[in-house]
Each structure stands twice: as structure tokens, then as C-alpha cells.
Amino acid sequence: MKTVPSKLIWLLNACTAKEDQAHLQGDYIEIFQIIQYNQGSIKACRWILRQIIVSASLLFTEYFAWRVNMLKNYIKMTGRSFKRQKSYSIINIFGLAVGMACSILILQWVQDELSYDRFHDNGKNLYVATFSNGSTTTPTALSGYLKTEFPEIINTARYQASNASLKYGDKQHTESGGMFVDPQFINMFTIPFLTGDANTALDDPNSIIISQRIACKYFGTIENAMDKSLFAAGAVDLKVTGIFENYPDNSHISCEYIAPLALFKNWGRNLNTWQWNSIRTYVQVGKNTDIEALNKKIINVVQLHREKEQRPLALQSILRLHLYRFNRPGGLITYIYIFTGMAFFILIIACINFMNLATARAFQRAREVGIRKTIGADRRQLIHQFFSESMVLTTTAAMLSILLIILILPAFNNLTAKSFTINFLLNPKVVLGISGIIILTGVIAGSYPALFLSRFTPIKVMRGTLSSGIKKAYSRKIMVIIQFVLSVFLILCTLVVYRQVEFMRHKDIGFDRENIIYFTMGSHFSKNISTIRGEMLNHPGIIDMTVTNIAPYRWNTNAGENDVYWEGKTHQNVSMVMNTVDAHYLKTFGLAITEGRFFSEDLSTDTGEAFVINETAVREMEMESPIGKSLKIWQLSGHIIGVVKDFHFESMHRDIIPMAMRIDPRGYNHACIRISKDKISSTIHFIEQQWQKIYPEDTFEYHFLDDTIDGQYRAEIRIGQLFKVFTALAIIISCLGLFGLISFTTSQRQKEIAIRKVCGASIIRMYYLLSEELMQLVLIAIVIASPVAFWAMGKWVNGFANQVPISIDLVFIAGGLAIVLTMLTISYHTIKAVRSNPVKAIRNE
Amino acid sequence: MKLLTRQEEQILLAIYHLGEEAYLVNIREQLKEITGKYLDVGSINKPLKRLHERDFLATILGESTPVRGGKRIKFYSMTEKGFEALAQVKSSHERMWQNVVLPTRPA
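Residue numbers (the numbering used here), protein chains in the order written: chain A, 1 to 845; chain B, 1001 to 1107.
Hints listed in this document are in silico derivations from the structure and should not be mistaken for laboratory results. All C-beta atoms in this analysis are idealised placements derived from N, C-alpha and C, irrespective of residue type, glycine included. Hints may be right or wrong, so weigh each one.
What the hints assert, rightly or not - A few chain B positions that, by computed beta-carbon distances, are all more than 10 angstroms from chain A:
id: 1; residue: Lys1002
id: 2; residue: Glu1008
id: 3; residue: Leu1013
id: 4; residue: Asp1040
id: 5; residue: Gly1042
id: 6; residue: Ser1043
id: 7; residue: Leu1061
id: 8; residue: Ser1064
id: 9; residue: Gly1070
id: 10; residue: Lys1081
id: 11; residue: Gln1088
id: 12; residue: His1093
id: 13; residue: Glu1094
id: 14; residue: Met1096
Said to hold, decoys possible - Simulated restraints on C-beta separations:
id: 15; chain 1: B; residue 1: Glu1053; chain 2: A; residue 2: Glu752; range: 49 to 59 angstroms
id: 16; chain 1: A; residue 1: Ser435; chain 2: B; residue 2: Pro1066; range: 42 to 52 angstroms
id: 17; chain 1: B; residue 1: Thr1059; chain 2: A; residue 2: Arg379; range: 26 to 36 angstroms
id: 18; chain 1: B; residue 1: Gly1070; chain 2: A; residue 2: Ser475; range: 38 to 48 angstroms
id: 19; chain 1: B; residue 1: Gly1070; chain 2: A; residue 2: Tyr337; range: 56 to 66 angstroms
Stated by the list, open to error - The calculated lysine to any residue pairs, modelled on SDA-like cross-linking and capped at a C-alpha distance of 20 angstroms, are:
id: 20; chain 1: A; residue 1: Lys43; chain 2: B; residue 2: Gly1042
id: 21; chain 1: B; residue 1: Lys1071; chain 2: A; residue 2: Arg843
id: 22; chain 1: B; residue 1: Lys1037; chain 2: A; residue 2: Val54
id: 23; chain 1: B; residue 1: Lys1046; chain 2: A; residue 2: Val54
id: 24; chain 1: B; residue 1: Lys1049; chain 2: A; residue 2: Gln25
id: 25; chain 1: B; residue 1: Lys1049; chain 2: A; residue 2: Val54
id: 26; chain 1: B; residue 1: Lys1071; chain 2: A; residue 2: Leu319
id: 27; chain 1: A; residue 1: Lys757; chain 2: A; residue 2: His653
id: 28; chain 1: A; residue 1: Lys43; chain 2: B; residue 2: Glu1029
id: 29; chain 1: B; residue 1: Lys1037; chain 2: A; residue 2: Arg843
id: 30; chain 1: A; residue 1: Lys43; chain 2: B; residue 2: Val1025
id: 31; chain 1: B; residue 1: Lys1046; chain 2: A; residue 2: Trp47
id: 32; chain 1: B; residue 1: Lys1032; chain 2: A; residue 2: Gln33
id: 33; chain 1: B; residue 1: Lys1046; chain 2: A; residue 2: Gly40
id: 34; chain 1: B; residue 1: Lys1037; chain 2: A; residue 2: Phe519
Extracted from the complex, chain B is given alone in its bound form (with noise of 0.2 angstroms):
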């Protein structure tokens, strides 16, 4: 199975710590708290229909609010698949970082 992205890998921990309430604009918040930076909504959309694509995620349409000028909510949550992709990305990671160690910069 092919890796995940640095930047898939992001959001679908982001819709993992978000649970029940992973929708796009949560999830572009949370996302600012792991990279620092707020994402444009284009670049966080595209990685989440093609989780959803592969299957990674599953959807369920929320109720409209007027606070969104009546439209309705997509939620995100994680599927099977995508805690497997998850794991897997942990374990090559745990691989690659076994046995690293970093020069520390003398302060």
C-alpha cells in the first residue's frame, strides 16, 4: 500500500484528535496547532476527497446552520483503512527513527 503524505498523514491525526468533530473548518484550526501556519481551504479539501477516495475516510452530512448561510456540514471520521494507513506511517517512522541520534545544539 502506498504511503500516505506528509500532509495527508497531518490531517487524518487532526481528524483523530478532532473526532466527532472533524469538519473542514476544525480541522484547518487544528491543523494550525501541529504546523503553525493556517492552510488555504483549497489545499486542505483536495487531500480529503482523496482520503476519502481511497477510502480512508468516511462522510456524513451534518444539519445546515444559519451561521453557515444555510448550508450543511460534512463531517469527516476515520475508517479502518485509515487507522491501518495511520499505523502504518507510524511504524515506517518509528523504523527510520530507531537508532537516530541528533547532535544537540549547545544552547
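Same shape as in the complex, but just chain A (with noise of 0.2 angstroms):
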């Protein structure tokens, strides 16, 4: 005869109440063994299987309700013991607080980083023509010729970013956002319409559509938009055919108005040639399609028809264009890395500071758990005690950091240039990760003192023997040592960062950076550039005036030139740049030429047929004496007339590249003007009056080269003062938990401490005594953190052409700060505690 399955026996027990369990178990087996006699198994399990459900009711009753009323009582002593010790509690929460509401920043930060572009409905399928250096610039000619020969490609659009001048009745405005796309554009990406047809939108090509904010800003409404025309780029009416939702920030491109592609063929522009690369080029493919097999058929696409373009094309995933550098390590999923480390980081400390804070006050409370323990509270529900202590400290740690977050959180914009509001909050996912933080710390934060409290044996605790102190505390010690090599760690971060960036930002530069304005000149300008010049040169504030194709740090160096030959060339190649100047421009940014001479106005042969280079160059085309040698890049060729000392014209991110510089009065798009530097204003206002006399319509924007040359590391000036302030918080929570930790081990001590000074201890030599412990944890963190924190930002630092060294003196500036903090910390309740009088310690016993 069978018996009842074990899992059925299991069952009734969960529904059976606790004292009930031993006897009832018995009647249900012999109940079950009657039936199974009289009528089977079948019917006797089914029998059981009906007991279980309708006592089911009994499971909540007994099992729950007593559950509740338990947890009812932890929580009435969670508050209690609030309120006992309310300086711990205040800074366990509030640390804990603290650590949250950063922790949660920075992933939301994380989170938007890594939200860019994943809302296009086609996202995974659309790519970008790509050369091997990461420059997105194709021939117009491509586009087509992908979509008509590989069947792969579903579709492919063209995109010309510009910030073209709008204008409707009398307001006009340059508006940056703008593009230039085929009419396929818009069907591939995700444009969230409010108004008009996306099939249809831009197939006129006279036809725009605009963002809500566009809309808004020229046409009052958006109803009012619609079918309105506007003045575009000086040059053409086009009619409103849509209107979409302002386009989302967390996309690679910024969008305000998309107007078609075709208009630059009626401005005189090829839209199907082969011959130079202009234009971005945007691919979908279909579903499932073998990427890396496409990539091979098209790698050598655009040297099929230009054979000069050697760089092999690839498609690269619009997915990761926000994160990822084309074809080299690094780019921002670096920083996403970083932070989400330092997000958990901060967080591990302030679990730390909980546990540690609460394992110490545990031998205040282990006579409590003793009289539990007594009383007949098994180690299972001592350990839920605990447990659900926690988390009610770590449920009012989390609403204080969320109020925290929306006191903090214009600030953090700020620091971020994101535009958060605190509704991110309510986003489910958000929610969602809160709960998790807090189930998490609670676990991480309960764990320690619910397992290692409820081993306590009842007598022990009782009888008072149970060692408390720090002496003992090993896993206190570990966790202290974690925290500061956590905390040493994020200090050397902090400095590698900052020193890099100010070392990009103050490294010699070649020439000197002040005072240079520089603007686009448009083509009035440009036209009568030498009476524009000779009079400018006559006011006293500007020093020296060039033009040149492109101001120095505004390049995009990706569009080296590889079809260079010069007298000599063997094999190597050299990819070079060019830059068309006048023969002002050595003076006007104080270059310095090493060998021959610079451009002169007065020789009609140094334009157009003489180049002046860079040392660079010189090094790269291995020349021994490099005057008067022949040089042809493109189409142009010359005689080398001079080197030029080598001087960095663009961020210190990437090494200085060969340049060949040239007088081409038609290649002249930025006048580059060096002003005296007491008399700015006057002068800037002097130009502008020049402007005016030309462009009486057009406003003068100009900008300073130094403001620009800073611009460049504005990525890195932001990481750097993010990484500032979660270190500094960082701190701040361990130091803490210092604070914490040290009120209680010198209120442990204070009977020693008594003694010893009245036998005659000296206040330094207690001092000594008292932080001696958690001095050498320091000094063991960062011994440990040092080694740790050089080889990761050695990786970090890699990934600059221009790096500053990492020195041994950071260790002792990091060390020493850690050491100096952590003396501050305990020095109030140390001192207090060496300064009481000893009386008072010794009399009540």
C-alpha cells in the first residue's frame, strides 16, 4: 500500500497552522490510507489534494496574519531603536541616502547614454557608410548605387546636416537642426508626425517639414503651420507639408527641419558624382541580414569608381554611432563603464557604512536578541527581524534620496548639459530599479548583522561574555579597508582626470591662443578681402588679420588627402591636409618657420604653386632637405617653399598630422583676426561695424579661439568635474561611516580610556591609541587601491595621443587626503572622548 506523496505532505503542512502540524499530519495519513483502501489512490489523493485547497484560506489566516503581527513588532522596534541611538541612525540613513540618490543619477545618466537612437522603429537595420578612419563622408553617388546593386539594402537616404536661415514675414532666424535628405529619409527613421504624410512628405521637392518648436516659434500654432511657406537659406520658398513632435535629444543627430536633398541640385550642386565624398550616407538593410558578409561585398564600393579612395567602407550600426569609436577603442561606452562602476561603487560604500554601524551597535542589542532567543524565537525569525529592519531603514533611506534627487537634480543637469526632470522618476524601468536598489542595499545591508546576530547563543549574550570592540572585528576591519581602497581609488581617478584635461588644455599649442577671433566671411567679404584688410589693419586694436579655409580646432582632419606624391616618393603613403592660407597667417597665429621662408604677397608664384609643411610632413615623406622639392597633393601640385614649426590645429586628442598649407584666394571661407589685448570690446565692435557695411542684414557671430580650443575638451572637463563630485560624496558617505564607527568603539573604550589617563596618559599618546587602528586600514587601502586605480586609468589615459604622465606623486596626494580626512573625522569624537573626565567614566559601575 502506497502512502501519501511527500510534496502533498509538504503542501499540508504550509497550510496547517505551526501547532497543529505534528497531529493533523497523522489523522490526514490515516484518513487518506482508509480512502485509498475503500476507493484507490486516485480518489484518496484527489481527497488530499481537496483538503489542501480548502484549508488554503487557513494558510493566510495562521500563516500570514501572524507573520504581519510579527513584522509589526520589528517594525515598532526598528523605530524604537531609532530613536535610542539617533546620531547612528541619522547618519546610517542619510548615507545610505545619500548613496542612493547618486547611485540613481548616474544610472539614469547611464541610462540616457545608452538609450541614444533606440527609438527609430528600423534601429537595428540602419547603418551608415563608413570608411575604415571613421569618416562618414561618402560621394553623392553612393547611396544609389548601394540600393540598386546589393539586394541586402532595402533602402538607402542621403543627409546633409545644415544650418540654413529661416525666414517667415519679419522673423528670421539661423536655426541650427536642420537637414537636407532624401525623401526616403523619413521613413527610415522613426519621425514622430504630428501633422502630414510621411510617405508623401517631401516628395515635392519645394516642400519642408518642421519640428513643433519650429512651428511654435514662427507660425505662433502648429495648426497655423501647415501649408505656410518659408523662406529657406536666402534662396528658396518651401511649403510646410508636416510637422513633427519635437525630435527626442538621445539621437546622434539633432533635428529641426528636414527639408528634400534635391534643392542642392537647383544651388548647383552634384548630387550623382563620384569624385570627391560630401555627403552622408544612411542604409537599411533587411531583416536578418549578415552584416559582416555585406560588409566584404562593399568594401571596396567607392575605389571601384574613384580609385584614389583607398580607405575600405563598411557599414556601421546608427546604434552605436553615439557610443562606440568606428574601428578603435574608447569613445563614451568608456565613460558609461566608469560610471556605472562608480554608480555601484558609492553604493557598496554606503552599504558598507550600514553594515558596519550596525554590526557595532549589535552588541548593544544582542541582550535583546538573547530574551528573544529565550522567549522561544527561533534563529529563522531573529534573522527576518533583522532583515526587515533593514529594510525599513533602507525603504526611508530610499523616499529621503528621492527627495534628495529632486532637490539635486537642476544641478545635476547642469553638470551633465542633460535636461532631466524629476517624471523620469515614475518611468516604470526607474521604479522598477528603486525597488531593486532597495531589496538589494536591504539584503546586502541586513545580511551581516541577521546571520551573524542570530547565532548568538543565549547564555553567552546573557552571561556577558561576548567580546565586543573593534580588536575582534575582522569583517569590520575588511569592510573598512574596502571602503577606503574604494574611496583611495575614486581620489586617483579623480586627480588622473583632472590632470588630463588640464593638461590638454594648457599644453603648449604651438602658437599662442589668446585673443584671436575668427568668423565666416560669406562671399561679399571674401570678394574685397584686401580693402577689408587694409582697413581693419588701420585701427589700432587688431594686430593682424588672415584668411583661411578653416580656422584652426574647427577641422575634421578625418578628410586627409591620401593622394599626395612628391619628388622621391617610394612606396610609403601619407595621408595629409590641406590648408589653404594667405601669407598672413604665420604672424597673425605666431607660427615659427624652421627652414626656407613663409608665403609672400609680393611674389605672384607663391599662389597657387607653393606649399609650405609642416615638420610633420617633412618626418612622414622621410625628406632630407624638403625646399624647393616638388609636391603634388590632388590635382594641385607645387614646390615646397618652407616648413613651418609644427603646431597643433586641432584637440589634443589626436597627434599633430601632416599639413601642407597654400594661397588659394577661391578656398577662403574664415577670416582669423588678432586683436591687442586691452582694447577687445572697441575692437570687436570696430569689426563689427565693418560687418555691418557689408551684411547691413546679417548679424555678426564670431568667436574667440580659445573659447573653441576649450570647447574641445568640454566631454572631458564634464567627466572630470562628474568624477569631482561623486568622489567627494563618496568621501563624504565613508567618512561617515567613520564618524560613526569611532563614536562607538571610543564609547566601548571609555572605561580604559579612564584609567589609563589616570594613571597618567598622555592626551597625544591616547590620541595615538584611539585612531592608530583605523589609521593603518587606511594606509592598507591605499596600498591596495594604488596599484589598482594606475592601471586602470593607464587603460583610460591610452586613449589619448597626448598623455600626461601618470606620476607616484598622486599615491601620496591621494594617500595623504584620505589620511588627513580620516583623522578629521575622528578627531571630535577621539579628543572628546581623551578630554572627558575620567570620573565620570569609572563611578557607575
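Build the complex: two chains, separate frames, hints provided.
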């Protein structure tokens, strides 16, 4: 005869009140056997199941109600112990709240960066045609060719960003975020249309679709805007055929208005040529396309049509554009990793505080544990108690952290240049994340006291033989070490980031960057450049003026020309950038000539037939004596007349690359003016007047070169600031923990201190006694953290062409900082303990 | 004193009839005799507990037997208070039924 299946017994037990379990189970088994005997096993099993289901309601009342009762008691105990030890509890909760707020904000930032371009329905299948060096500037004919030749490619569209001016009535502004695209573009990408038909909106070459923002700016309301015509780029009337919701910020393209690319044809641009690279090509492939295979097929597509283009072509997913650098390691993703790590570091530090303080306090609660155990609480109940206690505290901390987030969000937005609103807290993902953090922190923070305290045997506790104090608490020591390893690590990282940024900003760039302004000239301006120049130089505030195709630091050196030939070229290929300048370039920027001479206005042969190259170019072309050698770049040939000393004309992220300068009046775009430093505002006013003479309607827009240079490092500066803030917070949280810990240890050792004092110990000696232990821990932490930080930051710095050396003195700075902060933190309680009247401590025995 | 419910009354009577042998399985069988159907274990155990709490029943833990999977039996027996409660129910029933003549249906 079979017995009751053990699983059913288990279920039955779960549904039975504890005190009934023993005999009821016997009754069940007996009845089961009777039924089995009379009606068979199946009936009997069915009967048992029925009993289980029927008593399920009992499960609730007997099982949960009892638990809820205990929970109430636990919460009450939490409240009481909170009240009894206010300072500990406040340190605990506040530290945890700050830690949580930090991690939530950081993770929000991370999540925002990761969300770039994810909103496109076809996002996974959209690619950009990219050359091996990361340049996405491709020939205009590429798009059509790809679509017809490769069946895997469903759709292609060309894209040209442009900041054109828009005009309606008397409102005229230059708007950024404009793009000229093929009509298919708006089908490939997800544009959130409000009105208008996405399929046909751009079919008419004289149409334009605009964002809600632009619509409201020019027409007041969305309804007003439809079918109106906007005068664009000072050349053409475009009918508004669609309006879309403001385009999300988290995209690699910014989008305020979209006009058909075909317009460029009217303006004389060849939209079907292989001869030069000028436009971005987006590609949509079919689902499940093997992109590796496709990449192999298109690798030499451009080269087939233009032999000189030797860079292999490949498709790059738009989802990677924002985070990764093409074909190179690094990119924003590095920072994503760094900051995710940081969020967890801070959370761990806060959790360790929580655990440390809870274990320290545990000895004071040991008696409670003892009594609970004697009365009949089993270990499981105690574990429950401590877990629910830490849950209550973490939940409180979480609420506090949300309050903190609301308070510091504006500052955080400022720091990260994002525009988060507190609504992000309502996002289900974030809510889930926060609850996750609460549970995780609660479990981690509560685990140690829960598992540790519940192990106490009541007799030991009541007898008072439990050892207390920091001496034997190895685990607590280890946790303090972990905390300080993380803190010192963060300090070191911050220092390296800070140094690297400062290094890039202040390294000698080869010319004087101060007091130079530059602006885009326009055709009227450049036509009359010599007269304008004459007038300008008459002004006492203007030291010199030069015109060039592009101002330094505005380069996109990905466009370096591979097609370079020179006298004595053997096999090596050199990619060189071409800079169109005039004879005043050298003096305006304050560059130095190392060999030969610079261009002269007096020699007509200097125009078009002469090159001045930089030292790097000489080195890469392996020329012995460059002067007089012939050089041919693209189709332009001439002789080298001089060599200019190397200077940085683009950001320190990259090395100086070979450059050739030549005079070509057709290429002038930017004017650069060096102003004497004591007359800046009056001189700029003067230049503006000159500008107004030529362009009475347009505003004069100019930039300071040093601002532009600084702008190159904005990302790093921002990262540096974020590092600084979060490291500071991490340190504060660790110090809070130390503060709590030291106040606990000193109060434990009050009697010892008093006796020592009575026996004549000096204050300094006792200060040493009390702080020695923690100091040791901090020193150990420094020793552990330094090599790890050096290794990690070495990797980060490797991503820069111009690296700051990571030197050993950083360890001393970081270590010194950690030690000083630790001393300051523990001083309050130590000094207080040392100075207190020994009578007070000894009297009450 | 609160009157017993009908179920409690039946259970007490069942225990009274069973005497020394009153434990859950037997009580269940006895109740089947009285009411005509088997009750769920839970709905017997609960009133039993309640009666025990009100001191109408005393319990003795018996030996464990292999038939019961090694679990001990819990025997129930009537207490003084239990008899009093039953007597009270009985007298109130008698008072209620006094002079009641039900119309007999013709066969």
C-alpha cells in the first residue's frame, strides 16, 4: 500500500498552523489510507488535494496574519532603536540616502546615454556608410549605387546637415539642427509626425517639414503652420508639408527641420558624383542580414569608381554611433563603464556603512537577541527581524534619496548638460530599479547583522561574555578597508582625469591662442578682402588678420587626402590635410618657420604653386632637404618653399598630422583676427561695424579661438567635474561611516581611556591609541588601491594621443588626502573621549 | 454563556459517543453517521481547537503508530464545562421544541 506522496505532505504542512502540524498530519495520513483502501489511490490523492485547497484560507490567517503581527513588532523595535540611537541612525540613513541618490542619478545618466537612437523602429537595421578611419563623408553617388547593386539593402538616403536661415514675415533666424535629405529618409528613421503624411511629405522638392518648436516659433501654433511657406537659406520658398513632435535629444542627429536634398541640385551641386566625398549615406538593410558578409561586398565600392580612395568602406550601425568609435577602442562607452562602476562603488560604500554600524550596534542589541531567543524566537525569526529592520531603514533612505534627487536635479542637469525632469522617477524601469536597489541594499546591508546576530547563544549573551569592540571584528576591519580602497581609488581616478584635462588644455599648442577671434566671411566679404584688410589694420586694436579655408580647431581631419606625391616618393603613403591660407597666416597666429620661408604677397608665384608644410609632414615623407622639392596633392602641384614648426591645429585627442598650406583665394572661408589684449571690446565693435557695412541685415557672429579650443575638451571637463562631485560624495559617505564607528569604539573604551588617564597617559599618546587602528586600515587601503587605480587609469589615458604621465606623487596626494580626512573625521570623538573627566566613566559601575 | 453552534454541538456529541476513542479520524466517521456526509479535516479541526480553547475539551497526546506515518494521535475528551454546555444546549432545545406539533405529511 502506498503512502501519501511527500510533496503533498509538504503542501499540507504549509497550509496547517504550526501547533497542529504534528497530529493533523497523522490524521490526514490515516484518512488517506482509509480512502485508499476503500476507493483507490487516485480518489485518495484527490481527497488530499481537496483538503489542501480548502485549508488554503487557513494558510492565510494562520501563516501570514501571524507574520504581519511579528512584522509590526519588528517595525516598532526598529523605531525604538532608531530613537535610542539617533546619531547612528541618522548617519546610517543619511549616508545610504546620499549613496542611493548618487547611484540613481548616475544610472539615469548611463541609461540615457544607452538609449541613444533606440527609439527608431528600424534602428537595428539602419547603418551609416563609414570609411575605415571613421569618416562618414561619402560620395553622393554611393547611395543610389548601393541600393541598386545590393539586394540586401532595402533603402538608402543621403543626409546633409545644415544650419540654414529661415524666414517668415519679419521673423528671420539662423536655425541649427537642419537637414537636407532624400525623401526616403523619413521612412527609414522614426520621425514623430503630428500632422502631414510621412510617405509623401518630402516628395515635392519645395517642401519642408518642421518641428513643433520651429512651428510655434515662426507661426505661433501648429495649426497655423501647415501649408505656409518658409523662406529658407536665403534662396527658396518651401511649403510646410508636415510637423513633427520635438525630436528626442537622445539621437546622434539633431533635427529641427527637414528639407529635400534635391534643392541642392538647383543650387548647382552635383548630387551624382564619385569624385569627392561630401555627404553622409544612411542604409537600411533587410531583417537578419549578415552584415559582415555585406561589408565584405561593399568594401571597395568607392574605390571602384575613384581609384584614389583607398580607405575601405563598411557599414556602421547607427546604434553604435553615439557610444563607440569606429574601428578604434574607446568612445563614450568607456565612460558608461566607468560611471556604472562608480554608481556601484558609492552604493557599496554606503552599504558598508550600514553594515558596519549595524554590527557595531549589534553588541548593544545582543541582549535583546538573547531575550528573544529565550522566549522562543528561533533563528529564522531573528533573521526575519533584522532583515525587515534593514528593509524599513533602506526604504526610509530611499524616500529620502528621492527627496534629495528632486533637490539636486537642476544642479545635476547643469553638470551633465542633460535635461532630466523628476518625471523620470515615474518611469517603470526606474521604479523597478529603485525597488531593486532597496531590496539589494536591504539584503546586503541586513545580511551581516541578520546572519551574525542570530547566531548568538542566549547564555553567552546574557552572561556578557561576548567580546565587543573593534579589536576582534575582522570582518568590520575588512569592510573599512574595502570602503577606503574604493574611496582612494576614486580619488586617484579623479586626480588623473583632472590632470589629463588640464594637460590637454594648457599644453603648448605651438602658437599663442589668446585674443584671436574668427568668423565666417561669406562671399561679399572675401571678394573685397584686400580693401577690408587695409581698413582693419588701420585700427589700433587689430594686430593682424588672415583669411583661411578653415580656422584651427574647426578641422575635421578625417578628411585627410591620401593622394599625395612628392619628389623621391618610394612606397610609403602619407595622408595629408590641406590648409588654404594667405600670406599673413604665420604672423597672425605667431607660428615659427624652421626652414625656408613663408608665403609673400609680393611674389605672384607663391599663389597656387607653392607649399609650406609642417615638420610632421617632412618627417613622414622622409625628406632630407624639403625646400624646393616638388609636391602634388590631389591635382594641385607646386614646390615646397618652407617648413613651419609643428603646431596643434586640432584637439589633443589626436596627434599632429602632416599638413600642407597653400595660397588659394577661392578657398577662403574664415577670417581670423588677432586683437591687442587691452582693446578687445572696442575692437570687436569696430569689426562688427565693418561687417555691417557689407552685410547690413545679418548679425555678426564671431568666436574666440581659445573658447573653441576649450570646447574641444568639454566632454573631458564634464567627466572630470562629475568625477570630482561623486568622488567627494563617496568620501563624505565613507567618512560618515567612520564617524559613527569611532564614536562607537570610543564609547566602548570609555573605561579603558579613563583608567589610562588616571594612570597618567598623555593626551597625544591616547589619541594615537584610539586612531592607530583605523589609520592602519586606511594605509592598507591605499596600498591596495594605488596599483589598481594606476592600471585602470593607464588604460583610460591610453585613449589619448597626448597623454599626461601618471606619476607616483599622485599616490601621496591621494593617500595624504585620505589620511587627513580620516584624522579629521575621527578627531571629534577621540578628542572628546580623551578630554572627558575620567571620574564620569569610572564612577558608574 | 454563549450557546454552542450546531457544528460544535455535533462534534461534542460525537466525542461523547466515542468516549475514550475520540480523535479526529473517528470524529469524522461519527459525524458522517449523524449528518450523512464526510466533512473536511480543516472544518473539523477548527471547531475542535475552538472548543479546546474554551475549555470544553481536554486533549491527551497518544502514542505514534506506523499507520499514521509516525505521528502521534491527539485524543479529545469532554470536560465538566463541556457537559454543562451540552446540557444548556439540550435544555434550550427542549424549551424551543415544547408544544411544537409538526404537520405530518400524508404518506
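Hints, one by one, checked against the model:
1. Lys1002: holds (21 angstroms)
2. Glu1008: holds (18 angstroms)
3. Leu1013: The claim stands: Leu1013 (chain B) keeps its Cβ more than 10 angstroms from every Cβ of chain A (closest is about 20 angstroms).
4. Asp1040: It is violated; Asp1040 (chain B) is separated from chain A by about 5 angstroms at its closest Cβ, not greater than 10 angstroms.
5. Gly1042: violated (4 angstroms)
6. Ser1043: Given a closest Cβ separation of 7 angstroms, the condition is violated.
7. Leu1061: violated (7 angstroms)
8. Ser1064: For Ser1064 (chain B), whose nearest Cβ neighbour in chain A is about 7 angstroms away, the distance does not exceed 10 angstroms, so it is violated.
9. Gly1070: violated (8 angstroms)
10. Lys1081: holds (21 angstroms)
11. Gln1088: holds (28 angstroms)
12. His1093: With a cut-off of 10 angstroms, His1093 (chain B) remains clear of chain A, as the shortest Cβ separation is near 30 angstroms.
13. Glu1094: holds (34 angstroms)
14. Met1096: About 32 angstroms separates Met1096 (chain B) from the closest Cβ of chain A, which puts it past 10 angstroms; holds.
15. B:Glu1053 to A:Glu752: 49 to 59 angstroms: holds (55 angstroms)
16. A:Ser435 to B:Pro1066: 42 to 52 angstroms: holds (50 angstroms)
17. B:Thr1059 to A:Arg379: 26 to 36 angstroms: For Arg379 (chain A) against Thr1059 (chain B), whose Cβ atoms are near 29 angstroms apart, the range 26 to 36 angstroms holds.
18. B:Gly1070 to A:Ser475: 38 to 48 angstroms: holds (43 angstroms)
19. B:Gly1070 to A:Tyr337: 56 to 66 angstroms: holds (59 angstroms)
20. A:Lys43 to B:Gly1042: holds (18 angstroms)
21. B:Lys1071 to A:Arg843: This hinted pair is violated, its Cα atoms lying about 59 angstroms apart.
22. B:Lys1037 to A:Val54: holds (16 angstroms)
23. B:Lys1046 to A:Val54: Holds: Lys1046 (chain B) and Val54 (chain A) sit about 12 angstroms apart, inside 20 angstroms.
24. B:Lys1049 to A:Gln25: holds (15 angstroms)
25. B:Lys1049 to A:Val54: Holds, at roughly 17 angstroms.
26. B:Lys1071 to A:Leu319: Answer violated: Lys1071 (chain B) to Leu319 (chain A) is near 66 angstroms, above 20 angstroms.
27. A:Lys757 to A:His653: Since the Cα atoms of Lys757 (chain A) and His653 (chain A) sit roughly 61 angstroms apart, the hinted pair is violated (cutoff 20 angstroms).
28. A:Lys43 to B:Glu1029: Distance ~17 angstroms between Lys43 (chain A) and Glu1029 (chain B) Cα, so the pair holds.
29. B:Lys1037 to A:Arg843: Not satisfied, since the Cα-Cα distance of roughly 77 angstroms exceeds 20 angstroms.
30. A:Lys43 to B:Val1025: holds (17 angstroms)
31. B:Lys1046 to A:Trp47: holds (18 angstroms)
32. B:Lys1032 to A:Gln33: Holds. Lys1032 (chain B) to Gln33 (chain A) sits at ~17 angstroms (cutoff 20 angstroms).
33. B:Lys1046 to A:Gly40: violated (28 angstroms)
34. B:Lys1037 to A:Phe519: violated (100 angstroms)
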